[in-house]
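Here are the chains, one letter per residue:
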Amino acid sequence: MTPPVTTLAADDTVQKLKYYQKGTFTVGNRLVAEEQRTVQASQARSNALTCGHRACQGCGEALGARYAIDAAMRATNNNLIAVNATGCLEVFTTPYPETSWQLPWLHSLFGNAAAVATGVAAAMRVKKRPEVRVIAQGGDGGTTDIGFQCLSGMFERNDDVLYICYDNEGYMNTGVQRSSATPPTARTATTPALGAEPGNVFGTGKSVPKIAVAHNIPYVATATVADLHDLERKVTKAMSIHGARYIQINVPCPLGWGSASHDTIRLAQLAVECGLYPIFEAEHGKVTQVRKIRRQVPVQDYLKGQRRFAHLFKGGHEDPRIARLQAMCDANISEYGLVDTAGKEG
Amino acid sequence: MEHPFAITLDVGTSLINHTGSWRTLRPEYVHRLPPCNHACPAGEDIQGWLAFAESGDYEAAWRALTENNPLPAVMGRVCYHPCESACNRAVLDQAVGINSVERFLGDLAIKNGWRFAAPAAVSGKKVLVVGAGPSGLSAAYHLARLGHAVTVQEAGPAPGGMMRFGIPKYRLPRDVLDAEVKSIADLGVVFNYNAKVANIQQAMSDGGFDAAFLAVGAHIAKRAYIPAGEAAKVLDAVAVLRSMEGEEKPLLGRKVVIYGGGNTALDVARTAKRLGAEEAVIVYRRTRDRMPAHDFEVEEAIEEGVMMKWLSTIKNVEAGSITVEKMALDDKGFPQPTGEFEILLADSVVLALGQDVDLSLLQGVPGLDVKDGVVQVGANMMTGVAGIFAGGDMVPSERTVTVAVGHGKKAARHIDAWLRSGAYAPAPKHEIASADKLNTWYYGEAPKTLQPVLELARRTSTFEEVVKGLDEGNALYEARRCLSCGNCFECDNCYGVCPDNAVIKLGPGMGFEFNLDYCKGCGICAQECPCGAIQMVPEAM
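Heads up: the sequence lines are chains A and B, in that order.
Using our numbering, count along the first sequence one by one with no gaps and you end on 346.
Using our numbering, count along the second sequence one by one with no gaps and you end on 541.
Just so you know, these hints were derived from the structure itself, not from any lab.
Bear in mind that the values here come from a model prediction, so they are computed numbers and not experimental data.
Glycine included, each C-beta is placed from N, C-alpha and C at the ideal position.
Warning: the hint list may mix true and false statements.
If we take Cβ atoms under 8 Å as the criterion, some of the chain A residues that face chain B in the derived model are [to be verified]:
#1 PHE25
#2 GLY28
#3 GLY52
#4 ARG74
#5 PRO97
Isolated chain B, as found in the complex (with noise of 0.2 Å):
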């Protein structure tokens, strides 16, 4: 060829020139934990369905999240989320208000009728699930979902377990339960009310049962002796919050005092007020900041008129009054009495002091391990006994709701290869997306939606719910506010910001790739990316 004067060589592209030789770090794309997912006791992808609510694709949200948790309408009010407590978002501004997206995407579902999906294949295998609370309910859907012929047999007259006998319905409104456990039998569960298990390996026999998951939880009220008078009048908190769902409402009196510092003295005391007692006072032998209750529960009864006495037990009760004697914390924190004492008017007294579990279905089965009151399970949640597993309030836990849905699903994962003959190998964990693992300057600032609250007057007279859900507009918003910590969320900045123009754009949903042949291994892709999803790796020299 001929070329002009003093030319030699044809003019030719630098991509010739593989700069990719020069890197020392390689970048790669990683997924990493959110610290939401981390932290959900039921073990919900809290991302993965954020990321279908923040595009405004409901229905996709809902069935990622109800792969998990098969209650998110309930859930969305009773959880105490600590995926909002575990949340990045708290550093820039506000964490993300998970709990109120749930339930919009629950009541949605309820609204317009969503059904879950049938299992794509019947085993042919039979699981009795014994008690419809969380649980239970949670196990016998996942097991539904298998393929497996679920029966729950429950002692109650109707299901959801301390859900409905326990949780006030200003909390949780009782058609939301019965809508999402109506979604579960419409898998073909089969629901016996009234049905309590004397036996455990009778009834596992006479129904010619495969496995069995135990979820009775914990109803009996733990009592204390307190000398009492023959008239004064001593209620337990189970017994009161159940009669609630009764024809018989509780008669407390005008003078409510209830003993015990948890969410379930909280929920008698609140429930008292919405009864008409002038005065309902909480009689806990600690202090506030060690009560076991949430704080924002606390809060909330306090704004209902609720009071509170604090560093003081009871001594004893008389008919229309009680003698409490006050209490000082000693150096390691715990109460001693001090020799002051007080009397207090009350027309009733409730004792709030815990539950205990209702153990005589297991009585005489052998190699049943039970410790302190609770059944004791093995990783996999089965019980000394092949093919019986147990969860909930029974096993050994933290006693909420949450834990007791994330109970059923593990359970029903290991019963479910328990019965194939295999065992359920849950996928490795990733390393968690902390929060100094994302570069939050891209994330806008957006502080979070506060849910509509009832009227205080409203609430001290009827059990409407307290706390309102989000319209489609701020639930929107507010899924919207999710950093997708740990995760790719196509926000283009690798993209974007490499200037040897070698990160490959694969297009919507397929995410990028990164050019060997040209990265020099800058890093600047990984410093810029907003949720932490590259990280850089040596290269072998």
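Just chain A, same shape as in the assembly (with noise of 0.2 Å):
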């Protein structure tokens, strides 16, 4: 018999769920102790983004914001301020006079939630509140663009904020425009499915998260909406240490990615599968740990799915270009050594 390959990342709590062939991977479990299940499992959580909000159905962004806001609360027990950058997140939680926000929210402009942020962190420290702990948060466009000189401002700071990035490649609110976010090949407002070489091309955009790594701050990461128990983790452990921290999460968008409502698990999954999405955390300026490929996938099962890629795949023909986006993902393995060389999987 041979013995049950670890795929996750090596960390304790998901070792011992390892033992529960049904539940290691679900957002809850019977079988195991409350405090082993996620946060999300959980009937008292608190739900930060509650009900009626008005993001398209299976928004991905929605999701990935309650859970790592809920995750926060539970680390901070509820002493929590969010600021939020301009975007969707704010749009669709915050029509005036409603909101969905469960916990003290201000809203900032598109480029200054870092800075605002950093002011909420000092303004604590001066009414002597050390308990209460800040969370700034927006949308790649607020983040990757728009607020970068902000973003990194906080960093070089080292302010005591959790800044959160969910991102879903693009400028989906205003009506999917191309950010530094957006994968090459994909068809925005902005980037057409026309010409020689439709869609966003190659050799632009950036890597926040590695920009933060290069900011030796304490604390950075990736995660996804497709595995809650890294992201929780990841959230809780970011609340646990003092200084400029940030997280960015893979959160797929129905409407800009032109996918089914059904499929935004299944696609954060796969864009993760493929090695397109690579999902690690670094301390000070090094990264400590990778979350490994558990069933690899060729990049087009990730395309395919996307009418954002449909021309890479039109009249039955593959763009050759589909093998340069394969060539990133085979970078991102080889670069975070996301297989296991052993060959166990894949």
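Grab the two chains, each in its own frame, and use the hints to assemble them into the complex.
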């Protein structure tokens, strides 16, 4: 008998659950103690982002935000203030005079959430409320493009803020324009599927997680709505650390990606399993842990469920640029060691 | 109320915004039929009892199991487990070892002395069961639990039928069988041995029985005409295996030839090896892939040194040798003679060519329909005669212990309904939870636990049980490999993955509910449900 193959990052809580063949990757598990289950499995979760919000059907960002903020609220015993950049998340949760947020929440401009959060943290320090922690959050547009200067400043000053970027790879709220997080070949309103090389071009964009690591801040992580255990563990860990922290969560967008509303988690999973979206964490400038690929898939499996990539398969022919996307996956796999070379998986 | 500059409305929660109005598809919790349950000839709710076992509540698991089958320790040894062939876990790694967990529960029940619950009310009706084989025992158990007074008349000296007089001890130790029969007797079932029923209608009127269930099995060996010399030793498999239960063990000699390709042929060959035969050769007229015997039994027999002679028929038997003719399969797959002959040394030849039913107790009963040597029954297991039901090997069916147990249960339910002047209507079956309904991502990798096997040297010299049981640790592990196909196991996925917080968790054991005021119908819950217990249905527009 071969021993069960460990596919997730070595972590005690994950390993303990491993024995329970039926609930290792699920949200909850009736066979284990409450404290070993996720925050989302609890009837007492705070539902920081509650019902009635106006996100599209199957919104990955709404899901990611509830996952992250619920975990942070539990970690801080509800002593939490959130600052929110302009973007989908702000628009769909707070059409005047309604709010879906069940915690103190401030709306900043599109580009200054990091700076406003720094100010809130400073105010708490002045008011001698060290137990109150601050989160800034925004989409990829408000983080990687418009808010980048304020974000970098927050990092280099090592301000006591956790910045969470919900990365849906474009400006979805304003009509699906390209951002510096949009992947090559993806169709957006500003990178139409026209011409010799339709969609977004290669050789542009940036990896803000890597840039954050380069600031040598205490904690940087990427996460995905497809792995709740990993996401909650990272948020909880981030809240146990003081100083500047950054978590970027991959959140599929059915509207902008042209995907079925029920495929949100499945696509997030495929983005990780093909290698295009590496999941790792880094402390003080060094990568300390990666989430291994569990069932490796070719990049086509990820691309096919999305209309923003439909032109790559037009007329039954595969666009040769798919090979370049696969090369990006392979580069990630080799850079982060996402697949065990022992050949157990894949 | 005073508002600050530029503010005109009070702050409110988004809960006033009922986003459920956007929905075109509505999620619904459903139950689907797990393929294991669907495949079980005894109609066990396998997934139901595994769910208790995986939480470590073995007594509850045993009670849930025995709602349908009173013989788990026997079944856990002799059943050919069609449930495992149907198990969806095979697409992930290997099927759940259902049979080994069943055996663990059965053995634990014997060890701990768990007893069946007495019937809630006594009906005042008397039922005669003829035959104490698996079918008769199952019927007696179910009838007793339904409140009827049951008497079992058995022609043989001990209970079990083919489980005792056909299945060798190395597959089913007799103390296990005795213990499970005793549990049934403890329910108040009366067993009479060496009590062959000669005439069923006479027996019913003599005893004042309101109904009868016939399960006499098929104990008469089929014969084939083979020219044989005077000193040739030709035996039949049924007699050989039966005599293993008596004082005098059969004398088979050093070289034994068994003729036939079923499980019985293998039982005889393996028994011959254990009795000290140097050679046990199975002669079968077709090829291995056409053999009716189960593959794992063929494997075990070959491991023990049983030899196989495919594509051969016996033409002649002399003292000390036989003549076989080689066969070739024609294009339809039927064996045809080739005219090539071969002589094999053989001290004895055992014919294992199938069995017939002894129908003498039904002589002269009007209205009874016998076709191809078996009694015809309706969908309710009743023969052409009102009040007389039949099951097991004596009716048309696959002849296995598990099928027989299923017949006993089914007949008992119909007899009960008939005695109460009603009709038993089984609940409609749900759609099958096939593998494509599952999201297997959420199940961890966990290969099947292999049952320990007795070492080979002892297998060919003793009648000790070949396959050993699981201990509690690995039985629990095995139970937890169940995927719970088609039925919610409270993994909280739907509750977790809803972007609209529109799933209400009701608490342990109570499941979940959709909050249709807010559910937008995105379908993530159905897509991410591991076990296929949610479906999306169109909303009426």
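Task: Violated hints, by number in ascending order, as checked against the structure - done: 4
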